[in-house]
Each structure stands twice: as structure tokens, then as C-alpha cells.
Amino acid sequence: MSALEIATRVRSGERSAVSVAEETLTAIAARNADLNVFVHVEREQVLERAAAVDAEVAAGRDPGILAGVPVGLKDNLCQTGVPTTCGSRILAGWRPPYTATAVERLLAAGAVPVGKTNMDEFAMGSSTETSAYGPTRNPLDPTRVPGGSSGGSAAAVAAGMVPVSLGSDTGGSIRQPAALCGLVGIKPTYGLVSRYGLVAFASSLDQIGPLAHTVADAAATLEAIAGHDPRDSTSLPGPAPALVAHLDEGVAGRRIGIVRELVDGADPEVLAAVEAAAEVLAAAGATLSEVSIPELRLGLSAYYLIAPAEASSNLARYDGVRFGLRVAGSDVTEMYVATRTAGFGPEVKRRIMLGTYALSAGYYDAYYGQALKVRTVMIEAFARAYANADLLLGATAPTEAFALGAKVSDPMSMYLSDVFTIPTNLSGHAAISVPFGSGASGLPLGVQLLGPARSEERLVAAAAVVEAGRGVPGA
Amino acid sequence: MSELTRDDVAKVARLARLHLTEEELERFTGQLAQVLDHANDLRALDLTGVAPTAHPVDLGTVVRADEVRPGLARDAFLSAAPQPEDGRFAVPRILGEEP
Chain S
15 MSALEIATRV
25 RSGERSAVSV
35 AEETLTAIAA
45 RNADLNVFVH
55 VEREQVLERA
65 AAVDAEVAAG
75 RDPGILAGVP
85 VGLKDNLCQT
95 GVPTTCGSRI
105 LAGWRPPYTA
115 TAVERLLAAG
125 AVPVGKTNMD
135 EFAMGSSTET
145 SAYGPTRNPL
155 DPTRVPGGSS
165 GGSAAAVAAG
175 MVPVSLGSDT
185 GGSIRQPAAL
195 CGLVGIKPTY
205 GLVSRYGLVA
215 FASSLDQIGP
225 LAHTVADAAA
235 TLEAIAGHDP
245 RDSTSLPGPA
255 PALVAHLDEG
265 VAGRRIGIVR
275 ELVDGADPEV
285 LAAVEAAAEV
295 LAAAGATLSE
305 VSIPELRLGL
315 SAYYLIAPAE
325 ASSNLARYDG
335 VRFGLRVAGS
345 DVTEMYVATR
355 TAGFGPEVKR
365 RIMLGTYALS
375 AGYYDAYYGQ
385 ALKVRTVMIE
395 AFARAYANAD
405 LLLGATAPTE
415 AFALGAKVSD
425 PMSMYLSDVF
435 TIPTNLSGHA
445 AISVPFGSGA
455 SGLPLGVQLL
465 GPARSEERLV
475 AAAAVVEAGR
485 GVPGA
Chain D
75 MSELTRDDVA
85 KVARLARLHL
95 TEEELERFTG
105 QLAQVLDHAN
115 DLRALDLTGV
125 APTAHPVDLG
135 TVVRADEVRP
145 GLARDAFLSA
155 APQPEDGRFA
165 VPRILGEEP
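Here the protein sequences come in this chain order: S and D.
Residues in the first sequence are numbered from 15 upward in steps of one, following our numbering.
Residues in the second sequence are numbered from 75 upward in steps of one, following our numbering.
Please keep in mind that the hints were generated in silico from the structure rather than gathered at the bench.
Note that the Cβ used here is the ideal one computed from N, Cα and C, for glycine as well.
Treat the hints with care, as some may be off.
[Stated by the list, open to error] Pulled from the structure, derived: some chain S residues nowhere near chain D, Cβ distances all over 12 Å:
| no. | residue |
| --- | --- |
| 1 | S30 |
| 2 | A41 |
| 3 | G74 |
| 4 | D278 |
| 5 | E283 |
| 6 | Y400 |
| 7 | A417 |
[As the list claims (entries may be wrong)] Derived CB-CB ranges, DEER-like:
| no. | chain 1 | residue 1 | chain 2 | residue 2 | range |
| --- | --- | --- | --- | --- | --- |
| 8 | S | H54 | D | L133 | 29 to 37 Å |
| 9 | D | R80 | S | A342 | 26 to 34 Å |
| 10 | S | R398 | D | D149 | 48 to 56 Å |
| 11 | D | D140 | S | A106 | 36 to 44 Å |
| 12 | D | G145 | S | T347 | 27 to 35 Å |
| 13 | S | S247 | D | P126 | 14 to 22 Å |
[Unchecked claim] Facing chain D, a subset of chain S residues (Cβ under 8 Å, in silico):
| no. | residue |
| --- | --- |
| 14 | W108 |
| 15 | Y381 |
| 16 | K387 |
Turn these sequences into a full structure, and let the hints guide you.
This is the structure we're talking about:
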């Protein structure tokens, strides 16, 4: 059942939130040992929360548009008292003393957060294999990865444990796992969703968003969590956009550009899926054209300097003093080194060192400084493209879900998984991945719609057209 | 090829407060050089006069009204620390001499 169907029934009293929560807990218990999706579930708290939603309904009050909907939370989102590890040993056992704004807003909409989902350590990865708590498996084929870094959030929805999850997207970490698990995933405009209570990876790129089976569920969830928050200094002004109200708007008269650089190098099945999605959009009244934005080719290099640079600074706080792991040392510096060496895994160490190097004296201008200028060049190139197009279309990921272990020993090949998603993070714009077509092994693929800042209304409307055009689910 | 050397990686690890084994030093030098090689496409560009973008949204400096309001509870944070002591975070000695 979709999130919106659950909410409708709970709000009308036709179903109890407690019965929905019990079903979710049973579904998690049935498959979590095999798939390693949830790293933490607060069983009693979930049932209490669901009972509170039922009490609201019984008292004649409306709990909200997500009444009784079980939601998975990526383990970098804080909820008071609930363990938050970011997939890292360095935060093992830490229980945050505050709740993320996005989670508070889910609660205010009547949702029932059921637990924390596995992720690449500090969201650094594209397969959920860098987690200190073991890899998550793709529910559609457990020999394969679910994508990452929000792989647990994607697998939780794909396995039917929850209808919707929250993830975070720094370079594609919502959209790529959504594509690899056959789901809808939205990377909102930077600043649309408050980052308060999201553990920072790369602060100028990170953005929270939903993963769901349907465009409508993803749109409703984003609408619930978006909007200005004074506790995040990068939060955009203004209320949340009315996304659900725009779902049926269609694409008649929209100009959509198929971007050569967002399909080049992809598997032939991926190219075919993008072409077929373009035909669906054209049949619905959009004007399709082919465009080239060569500057997007610079995105991967710029991202793998900017994101590690910001991460090396953000992760300096894990020093064994205020929270998480401490490993003893004879003086404070030895304690820092011992704690960080034991607490971080290899991918996090690689990125911290890469970022430290890119920011260090003598290399700053050549690497980090140059990457910031490339960011400007890319934003200007996007602006030129959007002068002639309302939306852009491309692939989400170059391949279908790949085998566990296939890329772990070759960081550069793993980084290339994000080549089509990274440009939107660098520009701060919005994008959505919609399941469409299937790969050589029959696993789902995703196509990606991109729009300028605050274009979520037209993005979900176009995504709904693509979704309706794919015929039977999984086609 | 990137000019990254083993000594560079050892220096960066020191700056980042990480200890690497000899084997890790070897492996990370190769892997980081590969990423930096990929970044050579950026280094080759002439971007003279292009302004850097550190942040996608320019909201300027955001300040809140200067009003007293409750913050988060100190004890909640201290109790999550590895070694809270007398309302503070205790750490091993900082200066060179024995206490």
C-alpha cells in the first residue's frame, strides 16, 4: 500500500496506525537479517507513536497528511534518544539530544519513524558497502548492491518494509540508490529542506529528500519536510511548495532538453530507457530537443575535490572529546590520532586526506580554488541551458545495480557511479529519479529529470507523466 | 601523473590526525594519485577572472534577533561525552610536562 493510501485509511479510522506499525515491524523482522537494511529499530517507541496517532484520530483530530505512515530514516538524521551512527564506528552508541527539523516535520504530519537505515560511512560511497555495520543487499537481487549512500533507505522501501524513507544526497546518494532499487528519489533544491540535525558531510552540497515507490508519495513527503527553518542559516525563505497539488499538471508545452553529457558512456539499456522516457514526455505534449552542456564533464573532478575538502573540515569534530568513540592516548594529540584511526574506515580516511591535501598550502589554488571556479562555470552553463528548456532529461546512473564487491577496491570506478547526478549538487538545483525500463539482467533503471532552483512543482508533474508512461510497474 | 608522493600522504595524514600503516600509506598514495590525476582536467583550464562559487545559494550573512531564549540542555550533551567531569569535557594532558 502506498503512503498516501495508508494515511487516507488511518485518517478515516478505517485502519489503525498501530496495525500498520505492526505490519512494518513484522516485515523488517522477516528480511532484515538477510538484507541488513535497518541498523536500529525502536520497537516500543514505534508502537507508542502509532498509538498516539490513533488517539488523535479517535479524538476527532487530523494527525496530518502522513498519518500513521511508517518512515525509514537514514542513519545520519538525528532523532532525540535514538542511536545515530552515520554508518561509522566513531559514533557507535551515540544518542543525539535533539531532533532534525525534517524528522520533526514528519512527526508533525503524523508519520511514524520506525528506525535508522544503513548507509555508507558518513555518506561516502555509492553502494552502502563502506558502512562499519556491513553492506546492505539489494532486495531485488541480494547478490547486488542497493546503491548508496542512502542504500538502506532505498532497500527498506524496495523490500516493502516501509512505503517511504528519508535519505540525503550530496552527489547522488538519494537518486542513484532509488534508480538501482526501482524507486522514485528526489534531490530537492539546496536549502529547500532544513539541514538542522543532519550530520554534515559536505555542507554546500548536502540535501535531505525522500525515496518512495510512487511520485505522489515522494512529493507528499517532500512537501511535509520542506520550508524555511530559522535553525539552518542556509534555509531558503518561504513555505514548502504545494507539490501534491501539481502532480496532475502534465507537461503540455514544456520544453525538455535531453542532455548528451547525462547519457554518454551509459549502458545501451540505459540509453534506450532515456529515449523511451523522452517519447512518453513528447506524447504528453512536451517539446523534446537534444542539448549538449560540455561543462558538465568537469563535474566529477570538481566534486571529488570540493566534497572531500568540506568533509575534511566537517569531520575534524570527531576527536574523542565531546561525543562518540574515545581511544586512550598519553596526551591529547595521541588521543585524537588513536580515536580517529580506530573510528574511521578506509573510504572516510581517503576522503579526509584528499580534502586535506586539496586545501593544503601550495595546492589550494591548483585544486580547491580551481574546483570552486569550475562550479561557477557549471552554474553558468546550466543557466544557458535553462534559458531554452524548462527541464532537462538524462540517466540517473550509468548501469543497473552492480555486484557486491565489484567496485570496493577501486575507488575511482565507484566514484564514476555518480557522474550523472553530481552536476545538480554542484549547481544547488533540483532533480528527480523515476524508475523506467530495465537493464540487461532485468533489474530496474532510473531516468533523471533536472530543473533549476525551486522547480520541484514542474519536476514532480513531469515525473508523474514518466511514471504513468512506463506501463506495468517494472516495465 | 600526479606528483603526489608517499611523503605527501604521510604529511597529510599527520595534519588530519590519522595514523597509517606502511601498507595503507602505499595503497592510499596510489589511490589518491588516481583521483588527483582525474582532476588534471580542471588544472589544465584557464579560469582567470572567473569568480569562485563556495556556496550555491547566496543568502548573505543570516543573523537571528538578539533575544534570550532557551538552548539545548547542557547535561544532555555532557552525558553523551566519553568523559564528562564537573560540567566539562575531560581530556588527557595537553602540555608537555607531567602533571
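Cross-check of the supplied hints:
No beta-carbon of chain D is positioned within 12 Å of the beta-carbon of S30 (chain S); the least distance is around 33 Å. Taking the minimum C-beta to C-beta distance to chain D, about 32 Å, the non-interface status of A41 (chain S) holds against the 12 Å cut. Annotated as non-interface, G74 (chain S) keeps its C-beta farther than 12 Å from every C-beta of chain D; the closest such distance is 32 Å. Separation of D278 (chain S) from chain D is adequate, the least Cβ-Cβ distance of about 15 Å exceeding the 12 Å criterion.
With 12 Å as the threshold on Cβ separation, the claim that E283 (chain S) sits away from chain D holds: the shortest Cβ distance comes to roughly 26 Å. The beta carbon of Y400 (chain S) is kept farther than 12 Å from every beta carbon of chain D, the shortest such distance being approximately 14 Å. Listed as a non-interface residue, A417 (chain S) keeps its Cβ farther than 12 Å from every Cβ of chain D; the least gap is roughly 21 Å. Between H54 (chain S) and L133 (chain D), the C-beta spacing of about 35 Å keeps the proposed range 29 to 37 Å intact.
Against the hinted window of 26 to 34 Å, the Cβ-Cβ separation of R80 (chain D) and A342 (chain S) comes to about 29 Å, which satisfies the hint. Range check, R398 (chain S) to D149 (chain D): about 54 Å between beta-carbon atoms, so the 48 to 56 Å window is met. Against the hinted window of 36 to 44 Å, the Cβ-Cβ separation of D140 (chain D) and A106 (chain S) comes to about 39 Å, which satisfies the hint. Under the hint 27 to 35 Å, the C-beta atoms of G145 (chain D) and T347 (chain S), about 31 Å apart, fit the expected range.
For S247 (chain S) and P126 (chain D), the Cβ-Cβ distance of about 20 Å falls inside the hinted range of 14 to 22 Å, so the restraint holds. Hint on W108 (chain S) holds. Least Cβ distance to chain D is approximately 6 Å, under the 8 Å limit. Interface hint at Y381 (chain S): satisfied, since its Cβ lies 6 Å from the closest Cβ of chain D, which is below the 8 Å cut-off. Taking 8 Å as the C-beta cut-off, the interface hint given for K387 (chain S) holds, the closest approach to chain D being about 4 Å.
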